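Visitor: The primary structure of each chain is shown beneath.
Number of protein chains: 2
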Amino acid sequence: MQSKTLGIIGGLGPMATARFLELTVRMTEASRDQDHLEAILLESPSIPDRTAYILDRSNPSPLPPIVALAKKLESLGAGCLAIPCITSHYFYDEFSAAVSVPFLNILRETAAHLKENGVSSAGVLATTGTVQAGLFQRALAEQGIRCLTPDEEHQAMVMHVIYSNVKAGLPVERELLRQAASSLRGQGAQCLILGCTELSLAKEGCGLGAGCLDALDVLARAAVLACGKPLKPQYRRLISE
Amino acid sequence: MQSKTLGIIGGLGPMATARFLELTVRMTEASRDQDHLEAILLESPSIPDRTAYILDRSNPSPLPPIVALAKKLESLGAGCLAIPCITSHYFYDEFSAAVSVPFLNILRETAAHLKENGVSSAGVLATTGTVQAGLFQRALAEQGIRCLTPDEEHQAMVMHVIYSNVKAGLPVERELLRQAASSLRGQGAQCLILGCTELSLAKEGCGLGAGCLDALDVLARAAVLACGKPLKPQYRRLISE
Numbered sequence: 000m001q002s003k004t005l006g007i008i009g010g011l012g013p014m015a016t017a018r019f020l021e022l023t024v025r026m027t028e029a030s031r032d033q034d035h036l037e038a039i040l041l042e043s044p045s046i047p048d049r050t051a052y053i054l055d056r057s058n059p060s061p062l063p064p065i066v067a068l069a070k071k072l073e074s075l076g077a078g079c080l081a082i083p084c085i086t087s088h089y090f091y092d093e094f095s096a097a098v099s100v101p102f103l104n105i106l107r108e109t110a111a112h113l114k115e116n117g118v119s120s121a122g123v124l125a126t127t128g129t130v131q132a133g134l135f136q137r138a139l140a141e142q143g144i145r146c147l148t149p150d151e152e153h154q155a156m157v158m159h160v161i162y163s164n165v166k167a168g169l170p171v172e173r174e175l176l177r178q179a180a181s182s183l184r185g186q187g188a189q190c191l192i193l194g195c196t197e198l199s200l201a202k203e204g205c206g207l208g209a210g211c212l213d214a215l216d217v218l219a220r221a222a223v224l225a226c227g228k229p230l231k232p233q234y235r236r237l238i239s240e
Numbered sequence: 000m001q002s003k004t005l006g007i008i009g010g011l012g013p014m015a016t017a018r019f020l021e022l023t024v025r026m027t028e029a030s031r032d033q034d035h036l037e038a039i040l041l042e043s044p045s046i047p048d049r050t051a052y053i054l055d056r057s058n059p060s061p062l063p064p065i066v067a068l069a070k071k072l073e074s075l076g077a078g079c080l081a082i083p084c085i086t087s088h089y090f091y092d093e094f095s096a097a098v099s100v101p102f103l104n105i106l107r108e109t110a111a112h113l114k115e116n117g118v119s120s121a122g123v124l125a126t127t128g129t130v131q132a133g134l135f136q137r138a139l140a141e142q143g144i145r146c147l148t149p150d151e152e153h154q155a156m157v158m159h160v161i162y163s164n165v166k167a168g169l170p171v172e173r174e175l176l177r178q179a180a181s182s183l184r185g186q187g188a189q190c191l192i193l194g195c196t197e198l199s200l201a202k203e204g205c206g207l208g209a210g211c212l213d214a215l216d217v218l219a220r221a222a223v224l225a226c227g228k229p230l231k232p233q234y235r236r237l238i239s240e
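Top line first, the protein sequences correspond to chains A and B.
All the letters of the first sequence, read from the start, carry residue numbers 0 to 240 under numbering that gives the first Met the number 0.
All the letters of the second sequence, read from the start, carry residue numbers 0 to 240 under numbering that gives the first Met the number 0.
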């Protein structure tokens with residue numbers, strides 16, 4: 000397979016972008032610098048908040064800057080694009096149509112990975128924007144997978160961890176994430192999707208246990224493969240055991 | 000101070016670049032995505048090996064691609080450049096002269112931080128390219144700081160950790176790094192400089208103790224400040240206590 004340069008629209012949020020970059024390096028089968036993938040990252044944290052716009056259209060839209068960055072990455076030679084921000088995938092059809100190179104879709108990649116691994120029901124931990132817009136619900140339904148979401152009280156806990164802990168640079172209130180996870184397990188979720196890239200940073204030490212799938216891992220894996228790099232064998236299956 | 004976009008020449012190595020990006024985010028005083036710095040990263044791991052060229056000029060030079068990337072970053076609007084690779088600073092005069100925007104110098108920033116904190120002698124853990132080229136020796140001498148380097152046997156241990164552990168994606172042989180550190184302490188080093196960005200990744204769990212300064216931390220801190228962002232107070236002094 001031909002090598003491609005990965006184009007990354009980053010900064011949504013900035014810590015998740017750094018983690019995404021680290022994951023692509025970690026997952027690539029490489030024994031020296033020169034074996035790794037080439038990438039261009041446009042780190043643009045000033046892009047307006049995604050959930051704020053989805054919940055209230057009077058807020059500024061993040062779509063125009065995302066489209067501009069996608070076009071810029073394409074013009075700079077990126078052969079495959081990724082945006083390590085799940086809520087942004089609300090606009091996937093629009094921003095992917097603005098370029099002629101493939102744009103990875105974290106929702107579809109996640110649903111496909113669940114399907115491949117025989118998961119029939121999954122709970123989603125994500126922003127209220129992602130949940131209310133039904134992003135995972137639709138992607139999972141396309142694969143015939145049942146999708147469960149937290150009730151209002153537990154959804155508020157997840158948002159608190161994302162915005163008031165991770166994005167604010169403060170310690171993670173792990174008990175909140177554990178309670179939200181537990182409520183989804185109680186609803187019958189066979190697998191939990193960490194469906195916001197900030198939660199990839201929050202999950203450490205939360206003891207969420209087996210049967211978790213981090214969507215950021217899925218996107219990093221897809222990026223390595225799409226850019227024509229070999230994957231380390233231990234990253235073939237990403238659901239925690 | 001006016002905000003600037005940070006331009007990063009990355010991939011030398013790729014894991015150190017991801018860590019550098021993470022450090023800039025971690026060190027910025029920010030409570031939401033939009034408070035963070037804007038950046039453009041050109042991740043180019045295919046750039047020829049730096050130490051290989053410094054030790055044997057018949058190997059391909061990394062300088063032309065570094066200059067090309069610096070110019071590209073400037074043309075894309077970067078207002079300040081950084082290259083999170085210490086050995087590359089062998090070429091600092093050449094690549095910094097190729098652009099008209101400021102180019103951070105990890106060696107001078109490190110020496111200045113040692114000086115500010117009253118350090119009078121420091122030992123260097125770095126690649127053989129960095130050591131043989133006298134990069135830290137010169138930068139520290141400019142500040143009146145005595146610079147100690149490992150003997151041949153311990154230098155070989157440091158290179159093994161950098162190339163055969165970190166760059167190869169394998170576990171760090173911590174005992175080797177500990178022995179090299181201990182030999183520098185034995186020579187009278189008041190402070191140890193982690194003087195290769197790969198060592199920033201290797202240091203965890205090595206128990207190097209107090210009096211260590213990670214040059215990658217110094218570069219990240221300098222980048223945050225140079226881009227006009229506020230620094231979290233705990234990153235004012237970077238030498239471990």
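Treat the hints with care, since some could be wrong.
Since the list can't tell identical chains apart, any single copy or any two copies may satisfy a pair.
Said to hold, decoys possible - Derived pair list, reagent style DSS-like, types lysine-lysine, alpha-carbon separation capped at 25 angstroms:
| id | residue 1 | residue 2 |
| --- | --- | --- |
| 1 | K71 | K114 |
| 2 | K3 | K71 |
| 3 | K114 | K70 |
| 4 | K3 | K231 |
Please keep in mind that the hints were generated in silico from the structure rather than gathered at the bench.
Note that the coordinates shown come from a computational prediction; the quantities given were computed from them, not determined experimentally.
Visitor: Now look at each hint and say whether the structure bears it out.
Guide: A quick look at each hint next to the structure:
{"no.": "1", "hint": "K71 / K114", "in the structure": "neither (34 angstroms within a copy, 42 angstroms between copies)"}
{"no.": "2", "hint": "K3 / K71", "in the structure": "both (16 angstroms within a copy, 19 angstroms between copies)"}
{"no.": "3", "hint": "K114 / K70", "in the structure": "neither (32 angstroms within a copy, 46 angstroms between copies)"}
{"no.": "4", "hint": "K3 / K231", "in the structure": "within (18 angstroms within a copy, 37 angstroms between copies)"}
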